[in-house]
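Undergrad: Heads up: the sequence shown is residues 64 to 218, going by our numbering.
What the hints contain is simulated information worked out from the structure, not anything from laboratory work.
Where hints are given, some of them may not hold.
Keeping only pairs whose Cα atoms sit at most 25 angstroms apart, straight-line, the calculated PhoX-like set for lysine-lysine is [as the list claims (entries may be wrong)]:
#1 179 <-> 216
#2 111 <-> 164
#3 179 <-> 164
#4 111 <-> 161
#5 168 <-> 179
#6 179 <-> 161
Please read all numbers here as calculations on a predicted model, not as lab measurements.
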Amino acid sequence: MSVSIVVQSPTSRGSLNLTSSSAFVHLTINPEYYTTTFDIGTAIQAFKTLRGFLITPAWDGFIIEPFSTVAALNTDAEIETYIRTFANSLDHPTSTAKISKTTDKGGVVGPTLLVKGATGLRIVDASILPSSPAGFPQAEVCIVAERAADLIKNA
Numbered sequence: 064m065s066v067s068i069v070v071q072s073p074t075s076r077g078s079l080n081l082t083s084s085s086a087f088v089h090l091t092i093n094p095e096y097y098t099t100t101f102d103i104g105t106a107i108q109a110f111k112t113l114r115g116f117l118i119t120p121a122w123d124g125f126i127i128e129p130f131s132t133v134a135a136l137n138t139d140a141e142i143e144t145y146i147r148t149f150a151n152s153l154d155h156p157t158s159t160a161k162i163s164k165t166t167d168k169g170g171v172v173g174p175t176l177l178v179k180g181a182t183g184l185r186i187v188d189a190s191i192l193p194s195s196p197a198g199f200p201q202a203e204v205c206i207v208a209e210r211a212a213d214l215i216k217n218a
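Build out the structure end to end from the sequences listed, making use of the hints.
TA: And the structure:
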């Protein structure tokens, strides 16, 4: 059995930065996990709730290492350190190239999904979502793809 905690709609925002004009040079990615009080506080509370659930007698005999290490964490500071050490994206990163009004300097693509400052380049994936959805992003990506298909057909 494997369990984890996830802040499904985080308020923290990371960044992607181009390091070269070459498509073959890797980006600099800084996910900035748990950089807001809301996110880390939510994760700490979820950790405590999950741990409380797992130490009930119903799980006796089923829980093995490394849970004993986790069970020994006592303070919020210890829990926070553990969370920050093992943080990950749950494989559904979104919102790295958010959509915005054409005149908004904060977004990467405009309403037609064209990259601002580029010609003929569209982004059609979960990266344009302005924030992470409360669930997995597949439905939103399908909607974006349908919209992109209409935009391209009518261009």
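Undergrad: State for each hint whether it applies.
TA: Consistency of the hints with the structure:
Restraint check: the Cα-Cα separation between residue 179 and residue 216 comes to about 20 angstroms, which is no more than 25 angstroms; the hinted pair holds. Proposed proximity of residue 111 and residue 164 is contradicted: the alpha carbons are some 41 angstroms apart, above 25 angstroms. For a cut-off of 25 angstroms, the pair hint linking residue 179 to residue 164 stands: about 10 angstroms separates their Cα positions. This hinted pair does not check out: residue 111 and residue 161 have alpha carbons roughly 33 angstroms apart, beyond 25 angstroms.
The hinted pair formed by residue 168 and residue 179 meets the criterion: a straight-line CA distance of about 9 angstroms does not exceed 25 angstroms. A distance of roughly 11 angstroms separates the Cα atoms of residue 179 and residue 161; the hinted pair therefore holds under the 25 angstroms criterion.
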